[in-house]
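Asker: Sequence:
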Amino acid sequence: MRMPQKDIIPQNLQSLYFQEEQLREKALEIVGSTKNLQLHINIVERAMDLADMLRQFESEDEDLKVIQVLGMRTFNAFGASLKLALSGYGQNAALIMRDLIETAFLLDLFQGDRALIEQWRLADKKARMRQFAPVKVRKALDERDGFTSKKRAEIYELFSELAGHPNVKSVWMMRPEKNGDAVIGPFIETTALEAVLSEMGRLAIQVGEMMNEFFPENWDRALPARVGFAEAKKNWLGTFYPAKT
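Quick note on numbering: the working numbering labels position 95 of the sequence shown as 95, and the sequence is numbered without any gaps.
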């Protein structure tokens with residue numbers, strides 16, 4: 001005899017789930033009334049669509065399979081992060097976004113030098129950490145691009161402090177009000193939601209751009225997804241980084 005659903009989940013957890021669903025409705029109302037937030041969510045969906053499309057390409061190329069799996073990882077991360085953000089768990093959404101940052105940097109490294117994919121794929125743990133640890137990847141990208149400002153390190157460290165590691169600064173994302181007390185459980189506050197979704201949108205641009213580099217050029221089936229991302233990217237950049245005249 002199957003146990004009634006109400007007896008499977010403790011009452012307190014059922015109440016928490018009900019609160020999360022209520023907060024999701026509140027979050028969607030905020031998103032529905034804010035064009036910029038809709039643009040962020042749209043570009044996230046388009047980046048996820050690219051990852052989903054690339055995984056469907058049949059190939060015996062082990063290096064491409066690595067990229068497909070990394071793309072699948074970004075799909076899952078975006079989905080989980082968005083769900084958490086809309087349910088009131090902004091700090092936890094940001095924690096998953098730190099994983100997206102690492103994956104985006106790794107994809108960027110691989111698209112710049114495809115030979116590194118095989119090295120990463122075949123490396124043991126010691127060799128992988130020596131060459132492909134997050135800090136090594138960021139340093140390699142900065143050297144490749146001639147960047148000296150260490151912006152990549154700054155954004156990674158910001159996400160680590162606010163969401164990745166327990167520390168004094170991490171409490172900031174547990175406050176519905178800037179100078180208020182930290183709260184337990186989920187909450188939706190407009191400014192905090194906007195901050196999380198805007199960072200998610202930026203990451204979706206980066207991930208989508210990197211994923212797009214690995215599509216076989218003659219694979220027509222992927223064209224709608226690639227065009228869809230390009231259009232969403234154009235709208236996103238035109239809104240948040242308009243060209244100067």
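Treat the hints as calculated values from the structure; they're not laboratory data. Built from N, CA and C at the ideal position, the CB exists for glycine as well. Treat the hints with care, since some could be wrong.
[To be verified] Each computed SDA-like pair below joins lysine to any residue, with the alpha-carbon atoms no more than 25 Å apart:
1) Lys139 - Arg128
2) Lys83 - Leu64
3) Lys83 - Gln22
4) Lys151 - Met173
5) Lys35 - Thr190
6) Lys150 - Val168
7) Lys151 - Asp124
8) Lys178 - Leu237
9) Lys83 - Lys178
10) Lys233 - Ala80
11) Lys139 - Val66
12) Lys233 - Arg128
13) Lys65 - Pro134
14) Lys233 - Arg73
15) Lys234 - Leu223
16) Lys136 - Leu158
17) Lys150 - Phe105
18) Lys65 - Asp7
19) Lys233 - Lys136
20) Lys125 - Phe105
21) Lys139 - Asp113
22) Lys234 - Gly79
23) Lys136 - Val66
24) Lys125 - Gly146
25) Lys139 - Asp124
26) Lys83 - Leu28
27) Lys83 - Asp61
[Stated by the list, open to error] Cβ-Cβ distance ranges computed for the label pairs, FRET-style:
28) Trp172 - Tyr17: 41 to 47 Å
29) Met129 - Asn179: 36 to 42 Å
30) Asp124 - Ile30: 45 to 51 Å
31) Val168 - Leu13: 27 to 33 Å
32) Leu237 - Gln56: 24 to 30 Å
33) Phe240 - Ala127: 36 to 42 Å
34) Gly238 - Glu217: 23 to 29 Å
35) Tyr241 - Leu141: 18 to 24 Å
36) Pro242 - Ser33: 20 to 26 Å
37) Tyr17 - Val168: 28 to 34 Å
Asker: Give a verdict on every hint.
Answerer: To see whether the hints hold, each was checked on the structure:
1. Lys139 - Arg128: The hint holds at about 15 Å.
2. Lys83 - Leu64: violated (29 Å)
3. Lys83 - Gln22: The given pair, whose Cα atoms are some 13 Å apart, holds under the 25 Å limit.
4. Lys151 - Met173: holds (22 Å)
5. Lys35 - Thr190: holds (14 Å)
6. Lys150 - Val168: holds (24 Å)
7. Lys151 - Asp124: violated (29 Å)
8. Lys178 - Leu237: Violated, because 29 Å separates the two Cα atoms, which is more than 25 Å.
9. Lys83 - Lys178: Answer holds: Lys83 to Lys178 is near 23 Å, not above 25 Å.
10. Lys233 - Ala80: holds (22 Å)
11. Lys139 - Val66: holds (22 Å)
12. Lys233 - Arg128: violated (33 Å)
13. Lys65 - Pro134: holds (21 Å)
14. Lys233 - Arg73: holds (21 Å)
15. Lys234 - Leu223: holds (16 Å)
16. Lys136 - Leu158: holds (18 Å)
17. Lys150 - Phe105: Since the Cα atoms of Lys150 and Phe105 sit roughly 13 Å apart, the hinted pair holds (cutoff 25 Å).
18. Lys65 - Asp7: violated (43 Å)
19. Lys233 - Lys136: Not OK: Lys233 and Lys136 at ~29 Å, beyond 25 Å, violated.
20. Lys125 - Phe105: Holds - the C-alpha atoms of Phe105 and Lys125 are around 19 Å apart, at most 25 Å.
21. Lys139 - Asp113: holds (15 Å)
22. Lys234 - Gly79: With Cα atoms ~22 Å apart, Lys234 and Gly79 stay inside 25 Å; holds.
23. Lys136 - Val66: holds (19 Å)
24. Lys125 - Gly146: violated (29 Å)
25. Lys139 - Asp124: Since the Cα atoms of Lys139 and Asp124 sit roughly 21 Å apart, the hinted pair holds (cutoff 25 Å).
26. Lys83 - Leu28: holds (11 Å)
27. Lys83 - Asp61: Not OK: Lys83 and Asp61 at ~33 Å, beyond 25 Å, violated.
28. Trp172 - Tyr17: 41 to 47 Å: Hint violated: Cβ distance 26 Å, outside 41 to 47 Å.
29. Met129 - Asn179: 36 to 42 Å: For Asn179 against Met129, whose Cβ atoms are near 41 Å apart, the range 36 to 42 Å holds.
30. Asp124 - Ile30: 45 to 51 Å: holds (47 Å)
31. Val168 - Leu13: 27 to 33 Å: holds (30 Å)
32. Leu237 - Gln56: 24 to 30 Å: Because 27 Å falls inside the window, the suggested range holds.
33. Phe240 - Ala127: 36 to 42 Å: The hint (36 to 42 Å, Cβ to Cβ) holds, given that Phe240 and Ala127 are roughly 39 Å apart.
34. Gly238 - Glu217: 23 to 29 Å: At 26 Å between Cβs, range holds.
35. Tyr241 - Leu141: 18 to 24 Å: holds (20 Å)
36. Pro242 - Ser33: 20 to 26 Å: Roughly 22 Å apart at Cβ, these two residues keep to the hinted range, so it holds.
37. Tyr17 - Val168: 28 to 34 Å: Check passed, 31 Å falls within 28 to 34 Å.
Violated hints for the displayed structure, listed by number in ascending order: 2, 7, 8, 12, 18, 19, 24, 27, 28.
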